[in-house]
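Participant: Given next are the chains, with one letter for each unit.
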Amino acid sequence: MKKIWTGFLFVILLTAAQFLPAGLLAAEGGKEQLTYRLKWLFNVSVMGDLYAGEMGFFEGANLDVTVKEGGPERDAIRELELGYADFGVASADQVIRALSKGSPVVVLAQLFQVNPLQWIYRPDRVEITQVKDLKAKTVGVTFGGNDETIMRTLLASQGLSEGDVRIYSVRYDYTPFYRRKADLWPVYVNSQGPIISWKLKRAGERVAFFDPSAHGVKFVANSVVTSVRMAREHPDTVKRFMQALLQGWEAAFKPENSKAALEVLSKYDRDTPRPILEKQLAMTRKLVKPDDSVDIGTFDREAWQQTERIMLEQQQIKAPVGVDKVLIQF
Amino acid sequence: MLPRRIYQFLIIFLLGIAVLFAVKYLFGLSDYVIPSPADLRDTLAAVYKHYGADVASTLSVAIIGQVVSIFLALMVGILGRQTTWFGSFIKVAAYNVQAYPIVAIAPIIFILFGDGFFSRLLIAAMICYFPILLSVLGIMSEPVKEIEHFYRVTGRMRWQLEVKIRAFENLNKLTTVISGSATLAMAGTIVAEFIAANAGIGYSIRIALYQSDLSKILVALFLIGITLAIYQGLLEAAGRMIGKGVTVTR
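For the record, the sequence lines run as chains A and B. Sequential numbering of the first sequence, starting at 2, is according to our numbering. Sequential numbering of the second sequence, starting at 191, is according to our numbering.
These aren't lab readings, by the way, just hints derived from the structure by calculation. Just so we're clear, the structure is a prediction, and the values are computed from it rather than from any experiment.
Below 27 Å or equal to it, Euclidean Cα-Cα: the simulated DSSO-like pairs (lysine-lysine) are:
hint, chain 1, residue 1, chain 2, residue 2
1, A, Lys319, B, Lys239
2, B, Lys214, A, Lys69
3, A, Lys202, A, Lys287
4, B, Lys335, B, Lys354
5, B, Lys281, B, Lys363
6, A, Lys319, B, Lys214
7, A, Lys326, B, Lys214
8, A, Lys133, A, Lys182
Pairwise CB distance ranges, derived in the manner of DEER restraints:
hint, chain 1, residue 1, chain 2, residue 2, range
9, A, Lys268, B, Ala289, 26 to 34 Å
10, A, Thr299, B, Pro227, 37 to 45 Å
11, B, Thr366, A, Glu74, 29 to 37 Å
12, A, Asp325, B, Ala212, 32 to 40 Å
Where is the CB? At the ideal position from N, CA and C, for every residue including glycine.
Just chain A, with the same shape it has in the complex (with noise of 0.2 Å):
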């Protein structure tokens, strides 16, 4: 009798404890335990975020991060609410959306200065120099999604409707692009573009990319989240979290650091070709570090309050939620 309620007591503090906050247990060594919820499945998106905790730099910073992925059902914000997550990664209308409904988030960092959301086409088919060039050409759009509001803000800035272009509601799969029923298809030019470039390269096709940026639309990819709170009362834990986490993704996109950080991408994104994530390697160096000068991490504050803007006119949110005051660069 006495094992057996010995035993349901180890079972009941088992659950208890998965339902302890994160950071709440200190680890080993004294070490501050953290929490780090992503956006996505482990893929070169999140290179510098793996590089970081892979190469020691949290270590250094006397910090036990566990990076967790995320995934289409994850929401980083609300994790930091629940109290599941210390520091999370999340796109710019994820936060807007969040402060509209009176969610307490600060934004760390802008890892992306470029989104990577862009339209694959093939040149050889269909020429997109302009906007308008997508007038009568049939694009694939993620309804509720990213792009939807990326390509209306696109027709709209150069007068055109959507009546204009034949809209193709996108699945998750790229096969209506592969058949040509779509002119163009809403890719993540860094981690799905050089997969479907090879591909198609394969089958004796050329393809290019429409990249809204070039054309005046800015629209914030992921960046480095955590909660008021966090960021009041911790604000040593963390200043050594950004620092620490930003050495990392400047390591991983130093051309001498390349083999490593293959080496890193390759023990978490097991099913992509070696060929492919040197691609998607390089191809994500240009999106996080466009420009030397530049650091991994700088706000390019006119993006955000275009991408506030943007929503505001789209009505996904009622009213100005002053993005520009949550920026926090640590």
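We have chain A already, so just place chain B on it with the hints.
Facilitator: Relative to chain A, chain B alone:
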């Protein structure tokens, strides 16, 4: 029975919402994590027509999918009731098809049939049919000895008669399974729409998820639940009427 189904659903849903609000106010969570009552009310007012039409579209596919799956399960169940090699082969094939996760099969379905009505129907039927099949196999494999014995010894037993005897003797079980499978058919259709369709409430839920809008999802859940409660109530009523008809005939 129908009003009872509806108010039982309302009690469950309202309890769920009450728990959510309790968590929200107890832990001081923002409207982003759990929407406020006002937010929920505004969302309901804004989307109920659009979502209502979506639920109706989903339900129509679910009903057809359920009919298809009942038909399919009856066919497979009748063929698989025998202890012959063919009966066993049918059972193995039916079980194996079910073992594949629908998200893995979905791309093949969409390549073959596109992302329109037929794909939604097929996925709904695939999700719905297996539990019905298990029940049908259970019922059809179990002889009703006291009745079947007479026909066997008199040499008048045919397979059609065997199926009829077993079906009529287990009518209550069958109607319960069919009524219960409505939930699966609806869930199957929503999964299909969520994965890839461009219509129905599953598609709207996917969009709401992209926009991190929990209030829209809660409204969708409410409409799905109430519609399903009505549909199941009607199925149960129809089952009872059939049962009474059979008793009178006897």
